Structures are given as C-alpha cells and as structure tokens.
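**Q** Next come the chains, spelled out residue by residue.
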Amino acid sequence: GDSVTQMEGPVTLSEEAFLTINCTYTATGYPSLFWYVQYPGEGLQLLLKATKADDKGSNKGFEATYRKETTSFHLEKGSVQVSDSAVYFCALSMDTGFQKLVFGTGTRLLVSP
Amino acid sequence: DAMVIQNPRYQVTQFGKPVTLSCSQTLNHNVMYWYQQKSSQAPKLLFHYYDKDFNNEADTPDNFQSRRPNTSFCFLDIRSPGLGDAAMYLCATSTEGAHGSEQYFGPGTRLTVT
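In order, the protein sequences belong to chains A and B.
Residue 77 in my numbering sits at position 77 of the first sequence; the count goes up by one each step and never skips.
Residue 170 in my numbering sits at position 57 of the second sequence; the count goes up by one each step and never skips.
Check before you lean on any hint, since a few could be wrong.
[As the list claims (entries may be wrong)] Result set (BS3-like, lysine-lysine): computed pairs, CA atoms no more than 30 Å apart in a straight line:
(1) A/K60 - A/K100
(2) A/K56 - A/K77
(3) B/K157 - A/K100
(4) A/K52 - A/K100
(5) B/K165 - B/K130
(6) A/K60 - A/K77
(7) A/K100 - A/K68
(8) A/K56 - A/K100
(9) B/K130 - A/K52
(10) B/K130 - B/K151
(11) B/K157 - A/K56
(12) A/K60 - B/K165
(13) B/K151 - A/K77
(14) A/K56 - A/K68
(15) A/K56 - B/K165
(16) A/K77 - A/K100
(17) B/K151 - A/K60
(18) B/K151 - A/K100
(19) A/K68 - B/K165
(20) A/K77 - A/K52
(21) A/K52 - A/K68
(22) A/K77 - B/K165
Think of the hints as simulated: they come from the structure by calculation, not from any bench.
The model shown is predicted, which means the values in this text are computed figures rather than measured ones.
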C-alpha cells in the first residue's frame with residue numbers, strides 16, 4: 001500500500017543552521033504531497049504542499065520539491081529559528097474521492113539559541 | 114476566522130465510562146475526519162464523513178462511534194474507554210475531490226483514562 005518514510009528524530013540544530021528533513025514515499029499513482037507541522041500541545045497545520053512532479057511548495061522560509069524520479073519530498077530551510085521547534089510530518093494523499101492522508105512517523109526538530 | 118474547534122481540550126474519563134468528544138467547523142467543508150494520535154506517533158485515521166455518509170477504517174475498533182448531525186458538527190463517542198484509548202484526538206475537515214486539497218485540523222482533545 002501507499003506509505004511515507006521520513007528520517008528519525010530528534011534533529012537538534014543551533015539557530016540559523018540549515019535544515020533538511022528527508023521524506024520518501026511509495027504510491028501506486030500520482031499522489032499529492034504535504035508537510036504538516038505540529039507545535040507542542042496543538043493540532044497539525046499545513047506547512048506546504050505540492051501536487052505534481054517538479055512542483056516546489058514553500059512557506060515561511062521552508063521549501064520542498066516533488067521529485068518523482070526519486071519519490072522524495074525533502075523539507076529544507078536555510079536558517080532555522082528557535083520558534084521552528086516542532087514535529088514535522090510528511091504525508092501523501094491520493095485522489096480517492098476524499099483526501100485520505102498517509103503520514104510518516106514525524107520528525108521532531110529542536111532548535112537551540 | 115474560519116476554523117475547526119474542538120471541545121473540550123482536555124478530557125479525563127474513567128475506565129469503561131462512555132465519553133463524547135465534539136468538533137465544530139465554520140469552514141462549511143463537506144468532509145470531516147477523526148484521527149487518533151498516541152504519544153510520539155503519527156495521526157491514525159479512525160473514520161470520516163463525506164456529507165452524511167459515514168466511512169469507517171477497517172481497523173477502527175467497534176468501541177469508537179461517530180455522529181454528524183449537521184454539516185458543522187461531528188462527535189466521537191467512545192463507548193467503553195480502555196487505558197489504551199488514552200491519546201490526542203484530532204478532528205479535521207476538507208473539501209471534496211480537488212487534487213491536493215488540504216485538511217484543516219482542530220487543536221485536538223487530549224483524553225486521559227484513569
């Protein structure tokens with residue numbers, strides 16, 4: 001079945017460091033890809049998305065490019081802030097009439113001053 | 114602001130005592146979802162409503178039920194909570210069909226079972 005694999009955490013960085021969180025997927029068709037972020041004690045918020053190959057999603061300095069050839073959707077940010085500390089979930093959805101999300105296991109990011 | 118609201122934010126119940134969690138939305142979305150998220154895990158879809166049509170995931174225990182009396186409200190009923198049902202319960206909404214349409218999540222209800 002469809003699945004998402006993302007790197008284990010926690011990822012620990014100093015403020016202003018470069019961030020990469022790897023995400024790869026397995027799907028039988030052409031999924032839409034998402035990054036959701038979850039701050040402590042809160043629900044999930046959409047960070048960015050891409051709906052077709054070579055699309056780049058971006059928001060708040062974060063970027064991810066839909067790479068069909070490598071089935072990847074890695075999350076990057078050039079300079080992280082303490083406020084970026086959160087859990088990041090990579091997810092896919094297939095067009096099945098409703099948008100069933102398949103999540104990765106999540107990667108916790110800890111940014112220190 | 115249009116949003117997804119969950120009440121209460123924290124709920125404590127006793128082992129075996131029925132509990133109901135509520136979700137409301139002002140987005141007028143026709144699809145509503147309930148997820149269970151245990152500590153340090155990804156959210157797991159329990160079921161969803163497509164308008165009034167209820168769709169259960171195959172591995173959702175019978176102990177979990179849901180009601181959607183109208184477009185705006187959806188309820189999660191746990192008939193006999195066990196210790197293993199302690200988790201964060203997330204409600205989400207989306208519009209139907211459009212490729213890549215996102216889900217909008219509420220803040221969650223954290224359920225403790227004593």
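**Q** Return the numbers of the hints above that this structure violates; sort them in rising order.
**A** Going through the list in order, the structure violates hints 9, 12, 15, 19 and 22 and respects the others.
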